[in-house]
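A.B. asks: Here is how the chains run, residue by residue.
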Amino acid sequence: MFRIATKKKLNDAVTLMEIEAPEIAKKALAGQFIIFKIDEFGERVPLTIADTDPVRGTVTIIFQIVGRSTMLLDQLNVGDTIADFVGPLGIPTHIEGIKKVCIVGGGVGCAIAYPSAKALFNAGAEVDIIAGFRSQDIVILEDEMKKVCKNYYLMTDDGTAGEKGFTTTKLKSLLEAGNQYDMVIAIGPIIMMKLLCDTAKPFNVPCTVSLNPIMIDGTGMCGCCRVTVDGVMRFACVEGPDFDGHKVDFDELMKRNSIYKEREQHDREHVCKLTGGIRTHG
Amino acid sequence: MANMDKKKTPIPEQEPQVRNKNFEEVALGYTEEMAKNEAARCLNCKNKPCVEGCPVNVRIPEFIGKISEGDYEAAYEILTSTNSLPAVCGRVCPQESQCEAKCVRGIKGEPVGIGRLERFAADRHITCAEKKACPTIQKNGVKVAVVGSGPAGLTCAGDLAMNGFDVTVFESLHDAGGVLIYGIPEFRLPKSIVKKEVEQLQGYGITIKTDMVIGKTMTIDELFADGYEAVFIGSGAGLPQFLNIEGESLLGVYSANEYLTRINLMKSYKDGYDTPAVKSKRVAVVGGGNVAMDAARCAQRMGAEKVYIIYRRSMDELPARSEEVHHAIEEGIEFQLLRNPVKIIGDENSRVVGIECVEMELGEPDASGRRRPIAKEGSNFVIDVDTVIISVGTSPNPLIKSTTKGLEANKHGCLVADENGATTREGVFAGGDAVTGAATVILAAGAGKTAASAMMKYLEEKKKK
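Order-wise, the sequence lines are chains Z and U.
Residue numbers are given in our numbering: position 155 of the first sequence equals residue 155, and the series is strictly consecutive.
Every number in our numbering is 282 more than the matching position in the second sequence, counting from 1.
Incorrect hints may appear among the rest.
[To be verified] Once the Cα atoms are required to be at most 27 Å apart in a straight line, the calculated DSSO-like pairs of lysine-lysine come out as: (1) Lys261(Z) / Lys549(U); (2) Lys552(U) / Lys473(U); (3) Lys261(Z) / Lys563(U).
[Unchecked claim] Pulled a few chain Z residues facing chain U out of the computed Cβ check, cut under 7 Å: (4) Lys37; (5) Gly97; (6) Lys255.
[What the hints assert, rightly or not] Label pairs and their calculated CB-CB ranges: (7) Lys561(U) / Ala13(Z): 25 to 35 Å; (8) Gln484(U) / Ala83(Z): 29 to 39 Å; (9) Asp143(Z) / Lys739(U): 52 to 62 Å; (10) Thr418(U) / Glu144(Z): 47 to 57 Å; (11) Ile91(Z) / Gln420(U): 56 to 66 Å.
If you're looking for bench data, these hints aren't it; they were derived computationally from the structure.
Just so you know, even glycine gets a beta-carbon here, dropped at the ideal spot from N, CA and C.
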């Protein structure tokens, strides 16, 4: 059992938790993920590690309520426990040799972009961050991100905070202004990652994207997380989650990730039945 | 008096048209009377060919003798002296090609139902035996680690613990049992049985740590640094293989591992569990092994109207156990033999609507000794399905190999180990699918057993130095 050490609502739909998992805290590097299973009846759900505190033995996760499991997780409080918490899984983000980087986070994707920015910043790279949100009320990690970069650009779709516009708008203007990045690291909604790669392509900037396909075991056994990269089938859990964005088949990934959308919608509409952290069976 | 009946005592089974709608066990097991009756068919041969046929050399005539005497606990003790998982093996071993294939009674009739008797003795112990305190084992204080809690790992751990070693088993999933839990369905091997056999082993002092991915949470080097003096890797098969044909990323295409894991490990067939169930009307399972049979029979039980097995050779070459093929046919699974998929067809929403196959004929034997299937040109046809389950094998998991120095693998990615399970890295042993590629439960158990004795020898010699 894994105890919840802290909990903080970052906005209505996004929650931060620190989970006591000393072995994972000791090991985890930027870009890696965990799989949690809330209780006996829960599904196995992957979440990227947002931060770790090896001294306190905690792992930070930041999650958006999407389906049943994240909804139930959000019902738990400090002192409650999660049945299973496994990791760190996946290959850490490749940071060697990168001197100047633009890290782009979209929405809750900023929680995944942040550890990569921090790792690169601590390794001495020059880091620019573009953080994009729909509007001001869902902005997360602004203070944290500002501490690990040279330039922080906040973008909102409706202009209620930072600049009005999309992350692609900003990336394009930075590239047009002559910024020479060794790498663009894009993390967020699949469509955003796809468009960012399209934006960077004419400037010949390599792009790394962090993919979030559906997974079960997370160790390469089930093959559920397969993605097509450069025409080849790859397993995101053991060969990713980071891939060369110019080679990923994003359309296919979008379709594969939509398979349980109807059920997620159904779960969200029936939140009343699930709240209180009490299972109606057992 | 020996029972000279040419046929095995039949084992009661659920009716095919009833059982193909539930996940309860298919075979119900012998009663005491049936077990005694079947045990009386054993001739107690002097040279015991059956024992030779068993990868873990179960003392077969001896345990059967105890059943005919009605001393079931003694039978159980004889079984567990060489086999840590008798209730599992009694159910899932391919007895017909192992112990029973060598049985003298099989020459002029059916062999003795050794598997059924093994299952009887193990089940009777689980349900009826008084809870006896586990035998006190003199501990030697030597720490050993076992990676993976499948049949290879559990068997290895059991043997080491019974010899006084301080054994910790590391499992990456949330439950112990490996393929016994995620792969083999409830109707063939109830999870409660696996749990009981695991508990039995814990009674010998084995510690099982779940949620530990060796190679990630801890590396092999860290295990040694932590004081473990030898390590056994029984990490199982690994990555599922696909066909490399068009359409394998469509919605509705699953690897058998994913399909079975959702159902067995994540219990998506039961109400109240959160993992979404795969709902299908028409299912094609590609492959002809035990895993393919399991997937097809699960699909039927999940409510599919039509389930096909698509296999590129003929009935004679099916690698699955004949009993499983027989059960599948009884339950209404349709075998499309000498057919090979060439393309999976999707609709405008990327959902599977069909599988295009080509007819095959058998040519000369290939390297595997089986006749090579050759496509008949222009014989393409489409089967309407909404789900395709690919069950054509696995390739080894790269996790441990890629994070352990000095551990060699062959060109297929399987760990290199000698006949005793010793790898190229000192103190590290391996067995089961991680070494041989996909095989059976009992072969994995046998490999775990062999490695356990090699590890004991290694540790003994190390102590002398």
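A.B. asks: Which earlier hints can't be squared with this structure?
C.D. replies: 5, 8, 11
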